[in-house]
Amino acid sequence: MKFSLLKVYTLFSLALVASHAVNPDVYWKSVLPNSPMPKAIKELVQTTEWSEDKNTAVGVGEDGVAVHTGKPGKQTDVSVGYGYGHSPFNYNYAASEDQLKDNPNVAFFFLENDLHRGTEMKTHFIKDDQKATFLPRQVAESIPFSSNKLPQIYNEFSIKSDSVEAQDMKQTLSECENKGIEGEEKYCATSLESMVDFSTSKLGKNVKAISTEVNAKESTPLQKYTIKGAKKLAADKAVVCHKQKYAYAVFYCHKTVSTRAYSVSLVGADGTKAKAVTVCHTDTSMWNPKHLAFQVLKVKPGSVPVCHFLPEDHVVWVPY
Numbered sequence: 001m002k003f004s005l006l007k008v009y010t011l012f013s014l015a016l017v018a019s020h021a022v023n024p025d026v027y028w029k030s031v032l033p034n035s036p037m038p039k040a041i042k043e044l045v046q047t048t049e050w051s052e053d054k055n056t057a058v059g060v061g062e063d064g065v066a067v068h069t070g071k072p073g074k075q076t077d078v079s080v081g082y083g084y085g086h087s088p089f090n091y092n093y094a095a096s097e098d099q100l101k102d103n104p105n106v107a108f109f110f111l112e113n114d115l116h117r118g119t120e121m122k123t124h125f126i127k128d129d130q131k132a133t134f135l136p137r138q139v140a141e142s143i144p145f146s147s148n149k150l151p152q153i154y155n156e157f158s159i160k161s162d163s164v165e166a167q168d169m170k171q172t173l174s175e176c177e178n179k180g181i182e183g184e185e186k187y188c189a190t191s192l193e194s195m196v197d198f199s200t201s202k203l204g205k206n207v208k209a210i211s212t213e214v215n216a217k218e219s220t221p222l223q224k225y226t227i228k229g230a231k232k233l234a235a236d237k238a239v240v241c242h243k244q245k246y247a248y249a250v251f252y253c254h255k256t257v258s259t260r261a262y263s264v265s266l267v268g269a270d271g272t273k274a275k276a277v278t279v280c281h282t283d284t285s286m287w288n289p290k291h292l293a294f295q296v297l298k299v300k301p302g303s304v305p306v307c308h309f310l311p312e313d314h315v316v317w318v319p320y
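Quick note: the sequence shown, position 120, residue 120 per this note's numbering, numbers continuous.
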């Protein structure tokens, strides 16, 4: 099911901690002066001026950006629901029954061999009209972010414990706290500043952040897209940050050395153009054998590189 749209507003008394908060945009420019902020990040940065006597309304929005892909010439009937079940980008988990059912919010996996000019894929890009935005690091760090603090967190955001939103937040916390696969360095960033710090600590400060961009104001229809080109972005290392479902912007970031990132140019049947960031995992031997990717592609762990597009509000960090 699709994560239902709603806005939940809560007032944070920022007090002195917020009066000393550095605007996330300013922090980005100070650490990464030569790396433009991608559109996906700009849309999540608060423009509010933070002061000690100001309250801030924080909206909980829908994380409904998804990508549908299928094998050239046909559409597969195996999909992953991005609203329920574990994230398809967390490789510790087996696919749930919900993820193996048809669903309008899906993300498919494909093989690296498909990344060449002329390949056709059935693809769908869904726009997220209401986004949970970043909080300044000082504010985010003043709010509990732990499974054992869930009742307090629900109370802070006026969220009912039996709601879909509560379950999504609970799952995000669980995935953030669980151990990653062998060789994976993972971190859940609760602010833009902490995401920048994690990525630069793993790749150095000569990095750039890239996200998928589609030249459409609205969600695009499910249609055939043709690959016009695929450009490798960097050496076989990257940090990939996946947007999570939470009351404010939280990203599940992980680094593995067995990763290749590409920028893929796509043109849809209706003329829609997209530059889709694609991540290919060259070593999947430590993934859960029942992960969705293996069930979709009918391959075994560690046998072939497995790729996926990134939704528009996810980010890949690569050295330059």
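The hints are simulated quantities; they were obtained by calculation from the structure and are not laboratory data.
Mixed in with the good hints there might be a few duds.
[What the hints assert, rightly or not] Pairwise CB distance ranges, derived in the manner of DEER restraints:
{"id": "1", "residue 1": "Glu184", "residue 2": "Gln223", "range": "45 to 53 Å"}
{"id": "2", "residue 1": "Lys231", "residue 2": "Pro151", "range": "30 to 38 Å"}
{"id": "3", "residue 1": "Val299", "residue 2": "Glu141", "range": "12 to 20 Å"}
{"id": "4", "residue 1": "Ser258", "residue 2": "Gln152", "range": "35 to 43 Å"}
{"id": "5", "residue 1": "Lys231", "residue 2": "Ser158", "range": "39 to 47 Å"}
Here a beta-carbon is modelled for each residue, glycine too, at the ideal position from N, C-alpha and C.
Cross-check of the supplied hints:
About 34 Å separates the C-beta atoms of Glu184 and Gln223, a value inconsistent with the hinted range of 45 to 53 Å. Look at Lys231 against Pro151: about 48 Å separates their beta carbons, and that is not inside 30 to 38 Å. A C-beta distance of roughly 41 Å is found between Val299 and Glu141, which places it outside the suggested range of 12 to 20 Å. Taking 35 to 43 Å as the suggested C-beta distance range, the pair Ser258 and Gln152 conforms, at roughly 39 Å.
A hinted range of 39 to 47 Å holds for the C-beta pair Lys231 and Ser158, which are about 46 Å apart.
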